[in-house]
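Undergrad: In order, the protein sequence lines correspond to chains R and C.
Note that my numbering has the first sequence beginning at 405, numbered continuously upward.
Note that my numbering has the second sequence beginning at 1147, numbered continuously upward.
Bear in mind the hints are in silico, worked out from the structure with no lab data behind them.
Among the hints, a few may not be true.
Label pairs and their calculated CB-CB ranges [stated by the list, open to error]:
{"no.": "1", "chain 1": "R", "residue 1": "Ala-466", "chain 2": "C", "residue 2": "Arg-1559", "range": "52 to 62 angstroms"}
{"no.": "2", "chain 1": "C", "residue 1": "Ala-1448", "chain 2": "R", "residue 2": "Ile-632", "range": "35 to 45 angstroms"}
{"no.": "3", "chain 1": "R", "residue 1": "Thr-439", "chain 2": "C", "residue 2": "Thr-1225", "range": "45 to 55 angstroms"}
No residue lacks a Cβ here, since even glycine has one placed at the ideal position from N, Cα and C.
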Amino acid sequence: MGSVLIVGATSGIARAIAVSFARRKWDLVLAGRDTADLKCLAADLAIRFGVRTAVRAFEADAYESHHLLFEDEPWGVSLTGVIVCHGYMGSQNEAESSIKEARKVIDVNYSSYVSVLHLAASYLGERDAGFICALASVAALRGRQSNYMYGSAKAALVTFLQGLRSRMARSQVRVVTVLLGVVDTKMTYGVVRPGPLVATPERVAERVVRGIQSGRDVFYVPGFWYWIMLGIRMIPERVFKYMRL
Amino acid sequence: MLRSVTAEISGWGNHSRQTSEIYRPESATETEQLLTYDRISSLLARGLGRSYGDSAVNGDGATVLLTHLNRFLSFDPETGVLECEAGVSLAHILQTFLPRGFFLPVTPGTKHVTVGGAVANDVHGKNHHRDGAFSNCIISFRLMLASGEILTCSRESHPYLFWATVGGIGLTGFILTVRLRLVRIHSALFSVKYLRARNLDEALEMFTTTEKEYQYSVAWIDCLKGGRSLGRSVLMLGNPAPDPAPETLKPSRNPFLRIPFYLPAGTLNSATIGAFNEVYFRRHGSGQRLVHLESFFYPLDAILDWNRMYGRSGFVQYQVVLPPETSLRGMTRILEMLSAARASSFLAVLKSLGPEGQGLLSFPKRGFTLALDLPFRGPEVEALLNRLDGVVLENGGRVYLAKDSVLKRDVFREMYPRLGQFQEIKSHVDPNHLFSSSMARRLGIMEA
Ligand SMILES: Cc1cc2nc3c(=O)[nH]c(=O)nc-3n(C[C@H](O)[C@H](O)[C@H](O)COP(=O)(O)OP(=O)(O)OC[C@H]3O[C@@H](n4cnc5c(N)ncnc54)[C@H](O)[C@@H]3O)c2cc1C
Ligand SMILES: NC(=O)c1ccc[n+]([C@@H]2O[C@H](COP(=O)([O-])OP(=O)(O)OC[C@H]3O[C@@H](n4cnc5c(N)ncnc54)[C@H](OP(=O)(O)O)[C@@H]3O)[C@@H](O)[C@H]2O)c1
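Pulled out of the complex, with its shape left as it was, chain R reads as follows:
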């Protein structure tokens, strides 16, 4: 198997994705800002699955250091895949009156992705192999009053990935967009009530890894969100704008 770099690896979904890859015997490079915590995850994966793990520091705002993720290859072998997972929901309310909060949502969910994804594309492009995957959201597919700041940053990401995919289409580098529904992590804890629409990170992670391995470009996880979003996108704007969603 190859090795995969997970950026934002302390995220609930990223942790589960790391487990899903390790179970398939992939080596893992875990990048995030809480490196002490990532060392715990790295040790766990090595003990449970016997894979190699390495930890790297990553701070979304520290653009000038993003390139280090791709220069410091552990084990002296090239990465086969990059998955970018960090994210920040932010406060919609606050973002409406504070450009600082609004920019933070844009920077964490979009600008830093531009930086990391371009570096990943050039790194893998040089080797003409591998995959790049980014976690987007169904929130990108329609702006809602309750979280259009986050939604619009994710929408920018979705469009960016489309472009990047077509740029890389003639190479062996694949670009994968995951449109996630609601997942039970710290992002949604205390915000969304548990219920049948809320998926576990473990289940989501398995779907993401299988989706990547099956060679799909864009997919919904869990799959039923395709139908929900189909419905939501069909509502005419002049009706939708009055809906309290």
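Once you have looked at the hints, place chain C with the ligands on chain R.
TA: Leaving out everything else, chain C with the ligands in the frame of chain R:
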């Protein structure tokens, strides 16, 4: 700022629900942040909530689920020493290490408990008379104090804090990581001998006579029998199977049944329980069998959410230990009082316990322990249990805090004579009582 969920929670017994702010940190870093929030008046760690009463509940305060701190940190296959985060469950340990030939030296009757919870209750298994309590396999742990300081506690370093935290029901701080010793095992099969005891006297006798020969022992009591058959039971005596068969180190099957919702209260009554017991006693009368360790150690884990069988009103578990001299007298009295009160117990388990350990609030001490499940019917059951507490105290015994929800302060103080020492250490490491629980307040643990 970590978000919380306001919810009604209870222990595994599903009664006396209380409103608490539930936090779910993902890391030690996030756990530490909780110590500094102004809006938090008190904190309590919670594992998998398998304690029956209110020891893992912090009503009106913050209850902190530490189940996401669940990574293995190091493992040495030479020595079997495992270091893990405190939210790792025993089930997870078995799943990972049983196939490699390692088992837990001490395990309670369910594998769905966390290592942190097992330390905080200093849990015991069917081998306490031989191998002692869970603390016996603990080398050290890292404890986060109210001040945010993290101390590594062992028998050599901060021993007082070690023994206050072992069995200390979460009141000294957050246990973050634990180093424990696993033991080698060659097969997941146990050879189990079944013996029928006609009454309590005979059962206690059998525990004593078989003690040398068997590492593990437990008895199921048919509580519906009175008179000369009072305490009729089936003893199950086990040892690891001597002859290692290949392919047997697999963790066992997933649960095969789940109770999907609360059954109507009263589903378990003397008729259904009586019928169950009859069948059970006929099937397990006597003999010897090879049994997978999961069905020997965790019979109830085969049914997920089995606590819903007792309906929405829930149930209490009552577990006591009595010294060897008074066990027969005291337990006879307890069983008689239960039957006079027409309180039938579905599950009644008898075990023998070895010498007392050093945990200041640890439950086990030499003698026999009896555990009973009773449907919760409000004050009536509480009053009955308080009468039983009196019998236990008279006979020099004590009640297990992991199961308790009704014990009175003065009785508790007499049962746990090392409370004073515990309080001293507690007020030293947590002078403002940031760590507290519904149980601690009910029992006046922080009050001189
Ligand atoms: C079917 C069944 C069988 C059982 N059999 C036995 C048995 O044979 N022997 C026995 O001794 N017990 C037995 N028990 C009781 C059970 O083993 C204990 O209650 C155990 O402590 C539960 O662990 P938990 O992770 O669910 O902890 P919880 O019940 O959630 O918490 C228990 C206590 O531990 C504290 N705690 C939890 N995690 C931490 C942490 N990280 N740091 C600090 N404090 C912490 C909590 O504050 C609380 O006081 C049984 C329970 C069930 C349901
Ligand atoms: N959960 C959902 O319902 C859901 C739905 C749709 C899409 N998504 C997307 O899926 C991805 C993973 O979500 P999740 O729920 O697993 O996330 P999560 O558990 O909330 O974790 C968020 C992650 O982002 C990291 N992060 C935030 N700001 C950062 C910064 N400035 N620099 C570096 N790292 C930063 C966090 O690091 P720390 O641990 O150090 O804080 C953490 O690793 C995100 O992109 C999210 O938007 C989630």
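Undergrad: Now tell me if each hint is right for this structure.
TA: Checked hints:
no. : hint                                        : result
1   : R:Ala-466 to C:Arg-1559: 52 to 62 angstroms : 56 angstroms, holds
2   : C:Ala-1448 to R:Ile-632: 35 to 45 angstroms : 37 angstroms, holds
3   : R:Thr-439 to C:Thr-1225: 45 to 55 angstroms : 28 angstroms, violated
Of the numbered hints listed earlier, the single one contradicted by the structure is hint 3.
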